[in-house]
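S.K.: Use the sequences and the hints to build the structure in full.
These protein sequences, in sequence, are chains A and B.
Residues in the first sequence are numbered consecutively from 1, following the working numbering.
Residues in the second sequence are numbered consecutively from 1, following the working numbering.
Everything labelled a hint here was simulated from the structure, so no lab data went into it.
Mixed in with the good hints there might be a few duds.
DSS-like cross-link-like pairs, simulated, lysine-lysine; straight-line CA separation at most 27 angstroms [claimed, not checked]:
| hint | chain 1 | residue 1 | chain 2 | residue 2 |
| --- | --- | --- | --- | --- |
| 1 | A | Lys233 | B | Lys177 |
| 2 | B | Lys71 | B | Lys61 |
| 3 | A | Lys145 | B | Lys71 |
| 4 | B | Lys177 | B | Lys261 |
| 5 | B | Lys71 | A | Lys233 |
| 6 | B | Lys331 | B | Lys315 |
| 7 | A | Lys233 | A | Lys145 |
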Amino acid sequence: MSGEKHTMAATETTEPDTPEQADAQEAPTADPKGAGREQRGQEREGGVLNAFSGGILVVWAIMAAGPLVWVMVNSLRDSGDIQGNPFGWPTSLSLENFVNAWSEANIGQYTLNSVLILAGSLPGTMLLGSMAAYVIARYTFPGNKFVYLLFAGGMMFPIILAVVPLFFVLDNLALLDTRPGLILVYIAYSLPFTTFFMTSFFRTLPSGVAEAATIDGASHTRTFFQIMLPMAKPGLISIGIFNFLGQWNQYFLPLALNAEDPDRAVLTQGLAELSVAQGYEGDWGALFAGLSIAMVPILAVYMIFQRQVQQGLTAGAVK
Amino acid sequence: MKRGGMKNDVRTVDERSTGGTSERSGAKGGARRPDPLPISQWPLFASAFLLPPRFTPPRVKNDRRYRNLDKYRFVFWFLSIPLVLYAIFVISPFFQAFYYSLTDWTGFSSDFSFVGLDNYSRLMDDPTFWQSMRNSLFLLVVAPLATLAMGLFFAFMLQAGGRGKKNEAVSGVTGAKFYKIVYFFPQVISVAIIGVVWAAMFDPITGPLNEVLRVAGLDSLTQNWLADPNIALWCVLFVLCWMFVGFYVVLFSAAMGAIPKEIYEAALLDGARRPTTFFRVTLPLIRDTVHTGWIYMGIQALDAFAIVHIMTINKGGPGDSTLVTPVYLYKKAFDSGEAGYATAIGVLLLLVTMAFSVVMMLFSRRERIEY
Chain A
1 MSGEKHTMAA
11 TETTEPDTPE
21 QADAQEAPTA
31 DPKGAGREQR
41 GQEREGGVLN
51 AFSGGILVVW
61 AIMAAGPLVW
71 VMVNSLRDSG
81 DIQGNPFGWP
91 TSLSLENFVN
101 AWSEANIGQY
111 TLNSVLILAG
121 SLPGTMLLGS
131 MAAYVIARYT
141 FPGNKFVYLL
151 FAGGMMFPII
161 LAVVPLFFVL
171 DNLALLDTRP
181 GLILVYIAYS
191 LPFTTFFMTS
201 FFRTLPSGVA
211 EAATIDGASH
221 TRTFFQIMLP
231 MAKPGLISIG
241 IFNFLGQWNQ
251 YFLPLALNAE
261 DPDRAVLTQG
271 LAELSVAQGY
281 EGDWGALFAG
291 LSIAMVPILA
301 VYMIFQRQVQ
311 QGLTAGAVK
Chain B
1 MKRGGMKNDV
11 RTVDERSTGG
21 TSERSGAKGG
31 ARRPDPLPIS
41 QWPLFASAFL
51 LPPRFTPPRV
61 KNDRRYRNLD
71 KYRFVFWFLS
81 IPLVLYAIFV
91 ISPFFQAFYY
101 SLTDWTGFSS
111 DFSFVGLDNY
121 SRLMDDPTFW
131 QSMRNSLFLL
141 VVAPLATLAM
151 GLFFAFMLQA
161 GGRGKKNEAV
171 SGVTGAKFYK
181 IVYFFPQVIS
191 VAIIGVVWAA
201 MFDPITGPLN
211 EVLRVAGLDS
221 LTQNWLADPN
231 IALWCVLFVL
241 CWMFVGFYVV
251 LFSAAMGAIP
261 KEIYEAALLD
271 GARRPTTFFR
281 VTLPLIRDTV
291 HTGWIYMGIQ
301 ALDAFAIVHI
311 MTINKGGPGD
321 STLVTPVYLY
331 KKAFDSGEAG
341 YATAIGVLLL
351 LVTMAFSVVM
361 MLFSRRERIE
371 Y
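M.R.: Printed below as a string of structure tokens:
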């Protein structure tokens, strides 16, 4: 529950109007500088408001990005310097902190663990979620509505309630503290929203193409994999980004179900652990370097695909 | 949702997956057709149902019931894998939790006894539990208010806060796109990272927060942020808001962008200023989005597990000043070996979540405005 984000009713996201788009629209009635209008007061009010609100916008931008920039700058500084003064520029460009973080603080191992988990859980979630969603959306069979509600209902209940029994379910299946166990749990807990979202997506797709494929003799399975799945690509991208970030950033499930062997810890666990260890060792540099390693790739990918990422994460909340 | 129905279906799924399918599938084929399938044919059809299409014997393939069998085979196989996984890892633990909450199970050994509602009556007299509940409820009430208010303000500024240039009724401030990208940063990075970063930010000696205050000459305002029981919970609240404001800015911007410009023009013609426009035009028109966002933020605030667990002193300290119910549950379950008691906490937490959702539903508007 801790890391899972955004389980909300799903439909299409609406595009925010960018200023450029807004510029294209003409609204001749409302020219503040228009002569002969009693717009002067409004203009002045607008000016004050603009200065004030503009200031707040800048302040919040600094608040949002500041801590992250601070971490990145400090990751290049010497640990001793950081201790003395939290602000400052790197005196010499050395990647020592990163080397320390990567090998000694095990961030490399943790990253690899996270990647291995995601390599199994993300495709698994997408495949199983789409399979269930496709059948629910496009086939009539007894219990269709019920299965749909079963998945949709799963979005509501908190993982924290299920975690104790889940721990012992995994223990009994000999899957506790193993990668396959964590992968299966990630998939299972991502299924409700994935299925819910993809069901509404498959419902919007035209049925003609699938019918044509059936007439041409394609089996149900083939129609799904070769016709419908490619057609559902936009939906898959949105929900894929959503699941990637949700699973990559997951903290609670690995903490409860993957805590036995420190070498198997995923990145989020490793960083939390590192922050505790740093308290004893005082190696701030390695901590900041570890944090940078964890967030810079994600932020970079986000900046490149920011539109898709924003859409993926707010998917469905906009009606 | 129908509880009874759910159980039935879970059982059917189990039966099917353990191979008790033969009668069912045969019966299904038979029930849908006017002429029943002869019993001697059942094994053949059942095996065709369970095996991939390429192993279907021609005898079955040429039968006119095959179309139906093919469809149900597909539905069955495609649903069974996700459903079995879902049943084992999500549904069954969920129901087991209710049962375990009535036992004195430690979680370490396999023997435990049924104690009825003992755990719940113990909870009623557990001051730590009530402390955690107070903290959680504080976050539940304040975090959505603060976050949504800020999200709305920023989104409105970005969408309609600009100088009305180029003959427009409304326009965003310059750099709206840039702000949206930056505000959304905390959403893409992990809560674990956020917890660690803010723990470092709040550090009284090496943290930048106090350093900024010192440089600004406001030494009196420097605080032992996370070590002061009176402030620590506010720090948690702040970090929660910090995480989610960007999400709501993007969400509300999109909703506001969907409002037709003509409505703003009409408001402007009528002499409405910006605050009036916001409260009388924008807010009512995006009410549904705000409402959904409120529920979502409330659920996030009720959780707050990772932030408290990573950022605060002693995972909920100092004292119990930042202990939220999920963290208390976790400690009971995995640190002090009171699994039964922990699940009882979980059940109460679920009740609170449901009560919150119900209250929010009561506030939801029945009629919708189409535009």
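S.K.: Next, verify each hint and record whether it holds.
M.R.: Consistency of the hints with the structure:
Distance restraint check for Lys233 (chain A) and Lys177 (chain B): the Cα-Cα separation of roughly 26 angstroms lies within the 27 angstroms cut-off, and the hinted pair is therefore satisfied. Restraint check for Lys71 (chain B) and Lys61 (chain B): the C-alpha separation of about 13 angstroms stays at or below 27 angstroms, so the hint holds. Between Lys145 (chain A) and Lys71 (chain B) the CA atoms are separated by roughly 17 angstroms; this keeps the pair inside 27 angstroms, and the hint holds. About 19 angstroms separates the Cα atoms of Lys177 (chain B) and Lys261 (chain B), which keeps this hinted pair within 27 angstroms; it holds.
Between Lys71 (chain B) and Lys233 (chain A), the direct Cα distance comes to roughly 24 angstroms. Compliance with the 27 angstroms bound is thereby established for this hinted pair. Note on Lys331 (chain B) and Lys315 (chain B): the hinted pairing holds, with a Cα-Cα distance of about 9 angstroms set against a maximum of 27 angstroms. For the hint pairing Lys233 (chain A) with Lys145 (chain A), the CA-to-CA distance comes to about 25 angstroms; that is within 27 angstroms, so the pair holds.
In summary, the structure agrees with every hint in the numbered list given earlier.
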